[in-house]
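**Q** Assemble the complex: chain F is given as a structure, and chain G must be docked to it using the hints.
Chains as they are written, first to last, in the numbering used here: chain F, 1 to 441; chain G, 1 to 441.
Everything labelled a hint here was simulated from the structure, so no lab data went into it. Some hints could be false.
Intra- or inter-copy, both count: the list cannot distinguish identical chains.
Claimed, not checked - Calculated cross-link-like contacts (lysine to any residue; reagent style SDA-like; alpha-carbon spacing at most 25 Å): (1) 351 x 394; (2) 129 x 145; (3) 393 x 333; (4) 257 x 426; (5) 38 x 12; (6) 98 x 4; (7) 131 x 157; (8) 103 x 297; (9) 131 x 160; (10) 38 x 7; (11) 393 x 188; (12) 353 x 240; (13) 16 x 95; (14) 162 x 301; (15) 16 x 126; (16) 69 x 6; (17) 33 x 76.
2 protein chains.
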Amino acid sequence: MSSEPRNRQQTLALRKQFIGSSCKLFFPEDPVKIIQAKGQYMYDENGKQYLDCINNVAHVGHCHPEVVKAAHQQNLLLNTNSRYLHDNLVDYAQRLSKTLPEKLCAFYFLNSGSEANDLALRLARQYTKHKDVIVIDHAYHGHLTSLIDISPYKFRNLDGQKEWVHVAPLPDTYRGLYRENHKDPATAYADEVKKLIDKAHQENRKFAALFVESLPSVAGQIIPPSGYFQKVAEHIHKAGGVFIADEIQVGFGRVGKHFWAFQLQGEDFIPDIVTMGKPIGNGHPVACVATTKEIAEAFSATGVEYFNTFGGNPVSCAIGLTVLDIIEKEELQTHALHVGNFFMELLNQQKAKHPLIGDIRGVGLFIGVDLVQDQEKRSPASKEAEFIITRLKEEFIMLSTDGPGRNVLKFKPPLCFNTKDAELVVDKLDTILTELERKKT
Amino acid sequence: MSSEPRNRQQTLALRKQFIGSSCKLFFPEDPVKIIQAKGQYMYDENGKQYLDCINNVAHVGHCHPEVVKAAHQQNLLLNTNSRYLHDNLVDYAQRLSKTLPEKLCAFYFLNSGSEANDLALRLARQYTKHKDVIVIDHAYHGHLTSLIDISPYKFRNLDGQKEWVHVAPLPDTYRGLYRENHKDPATAYADEVKKLIDKAHQENRKFAALFVESLPSVAGQIIPPSGYFQKVAEHIHKAGGVFIADEIQVGFGRVGKHFWAFQLQGEDFIPDIVTMGKPIGNGHPVACVATTKEIAEAFSATGVEYFNTFGGNPVSCAIGLTVLDIIEKEELQTHALHVGNFFMELLNQQKAKHPLIGDIRGVGLFIGVDLVQDQEKRSPASKEAEFIITRLKEEFIMLSTDGPGRNVLKFKPPLCFNTKDAELVVDKLDTILTELERKKT
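Bound-form chain F, shown alone:
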């Protein structure tokens, strides 16, 4: 949009001048300027191609032509609020309902995952008339005031823990309280939630909700043990609260076997509220909350309207519908399963070779490589992880780290990521791990 293209330093200087410094760049020491993207590839101002292993928002691929077309066609016709009837809104809700258990039949459309989680909190509180929330350690549910309060990842560094927030241990079977050698980690971790509830009940506190990312992401790409959700759902229901599955990072077929990550827990498990964001519109600001008739009716019983200016507009809905079309037409869920399995196999071969790799965990194209300084102590290899992503960037591969120790390489690429891309990444990773280990000895 500028009259003449700027070089990287000029853009950076203006960014420092005008953008709040809390907004961070990837690789702040040497940030990348990206001006174009296609599928799983991004291009800098010099035409250099980067393989994108990070961006789960560009779900069906950067700038997917069908998404771009749907946005344009609807933009030409109409973009207004949901106070008028429009087919896109109801088509989209109906279409999403087909991917979910029948019970989840009431939809709200919004502009971001944060807005979705905030509404989920409001719904839960209105339905239960309770206030307290159980969250999982290291969770991140969004950037809003209400969500920082329920995000240990954030509140520990800001205002601290509110009296109505209760933090349950992360069901991490690699580095957590109960590990792979425990005979029933699902029950053991669920019992921890039960203990929290009992303790709070002694203080006469009352629960509105348990908030869980279906696959905890910022916490280090964690796969909760199967059956855990059913058990904690039972506990929170007995306490009068609801189960909220935050699918913002991981929904829409990424996990391969299922469309929603909570379905990994078993066919019998149904959350009371599901929140969706990031991949839902392939980058367009759109988000959704799905819930039950009972919860929706309790919310509307207050008589207070819920109005979201941009939420559910025909353009956002057209884009959302097209993303669903593409997942189906291009069989991206099955693709995620196959490529993910292939990728995991290659990574597991690396694990056998490199002592820095402590754990490989993943489902579909949600994969974590947990780097350790010591295989037994499982102490996070944070510096090494940092070194690896910096080196990979030099090899034109975009990757990032996560986890409290920032030692988990997290893979959540656009779903068009293929086996060749996986081979390339693993090949480069092998080289860099070898370099690193050579230095160490």
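**A** Okay, now just chain G, sitting in the frame of chain F:
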């Protein structure tokens, strides 16, 4: 997007089935299905044309071709997050900075006015290390948990007033505490804020912010007396808090004389934080917070990153930049001034004729027609207002009401609204008012 077009009843039935019932339709008894729009006109499924007097979001006109083109061109190239350098982001921030006092030089981009107001609250609290907020009676600042708390329009019907929220009287010189006959209503209303502060200080409470819509909208299209902002800003500053101007409804040239509505208070007045939404992207979900270097630095001093997944993406910024271009190129600010003045003149002629009209107030294309049952008592003519907007709809004119009595006809059309449109509306209004008054006598 559906295989075959549905009729209005079918769409309505699906809406009832799938959309949370808290999401309300205009004219719920007989809702309108809109499938297309252009400029200030909307079209239903039968091709009927409606004149849009409501939608301030479609700021430069529904489906403005330049906006649609900018979105499409950028969508073809790249839509990713702000962790990479991109010229659109810095160009947009720089461009917005030119419309604002120099002091407001740090920008954050988000997806909705609600997200903007929530961030403003976080900024104010982090900067001041205080918690309490002063809000104006009947204010509405957004649908998020944190904003319902500071919106008397909402919290009175929900969870009630929090102990950290202090409600100042609405500076309404027509129906408020101090009226047009008061010699200095600006000082009188500001003194009410001072009283609130003094009372709270006695209870050892500390102020983070005073939140004000530059022109209170839901409260009934109110024009605060000039000089009021300077005086209350002085009071809140002395109490250690900041002044937040919520420009979400009224910014971007709507008021005609100025680009920002807070500038109506005088050249000397500068808020500490300005929030923007609705019209900023002509319907695309985008929003912005502008603040001072000091506040931005206090926010970043926590070391905690602010990341908004979709906020500041190249598409949203391209659209925002284009909206600014169009306002300039089509001289929409001047146009709003002229058409607004013309419209006000016509309306004032009606006031002389119709006892139902108690007050006409407005600046540019932000106009309120306050209907009263009795000119002296100024009692809200709520039913009559409802009747008028229903009748106007039959005449294919879309208008809505506002104010605590829902008796204020509110005009905030797309800025391309012209003198002919104004003539048409006033003509129809004249007819309906005459009908109504004939019935009464």
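**Q** Would you mind marking each hint as holding or not holding in the structure?
**A** Structure-based check of each hint:
1. For a Cα distance limit of 25 Å, the shortest separation of residue 351 from residue 394 inside one copy, 23 Å, qualifies, whereas the shortest one across copies, 71 Å, does not.
2. Taking the shortest Cα distances, residue 129 and residue 145 sit within 25 Å of each other both inside one copy (20 Å) and across copies (15 Å).
3. For the homomeric pair residue 393 and residue 333, neither the shortest alpha-carbon distance inside one copy (28 Å) nor that between copies (47 Å) is at most 25 Å.
4. Proximity of residue 257 to residue 426 under the C-alpha cut-off of 25 Å is restricted to the intra-copy arrangement: shortest distance 23 Å within a copy versus 61 Å between copies.
5. Taking the closest pair of Cα atoms, residue 38 and residue 12 come within 25 Å of each other only inside a single copy of the chain (24 Å); across copies the shortest separation is 39 Å, beyond that limit.
6. In this assembly of identical chains, residue 98 and residue 4 lie within 25 Å of each other by CA distance solely across copies; the values are 19 Å between and 48 Å within a copy.
7. Proximity of residue 131 to residue 157 under the C-alpha cut-off of 25 Å is found in both arrangements, the shortest distances being 23 Å within a copy and 17 Å between copies.
8. Only within a single protomer do residue 103 and residue 297 lie at most 25 Å apart by alpha-carbon distance; the minimum there is 13 Å, versus 47 Å between protomers.
9. For a Cα distance limit of 25 Å, the shortest separation of residue 131 from residue 160 qualifies both inside one copy, at 18 Å, and across copies, at 14 Å.
10. Taking CA atoms no more than 25 Å apart as the test, residue 38 paired with residue 7 passes inside one copy only; the shortest distance there is 22 Å, against 39 Å between copies.
11. Taking the shortest Cα distances, residue 393 and residue 188 never come within 25 Å of each other, neither inside one copy (40 Å) nor across copies (62 Å).
12. Taking identical chains as interchangeable, the C-alpha atoms of residue 353 and residue 240 are never at most 25 Å apart, the minima being 50 Å within one chain and 60 Å between chains.
13. Taking the shortest Cα distances, residue 16 and residue 95 sit within 25 Å of each other only across copies (15 Å), while inside one copy they are farther apart (43 Å).
14. For a Cα distance limit of 25 Å, the shortest separation of residue 162 from residue 301 across copies, 22 Å, qualifies, whereas the shortest one inside one copy, 28 Å, does not.
15. Within a single copy, residue 16 and residue 126 get their C-alpha atoms only as close as 42 Å, which misses the 25 Å cut-off; across copies the closest is 20 Å, which meets it.
16. In this assembly of identical chains, residue 69 and residue 6 lie within 25 Å of each other by CA distance solely across copies; the values are 23 Å between and 29 Å within a copy.
17. In this assembly of identical chains, residue 33 and residue 76 lie within 25 Å of each other by CA distance solely across copies; the values are 17 Å between and 30 Å within a copy.
Hints 3, 11 and 12, counting from the list given before, are not met by this structure.
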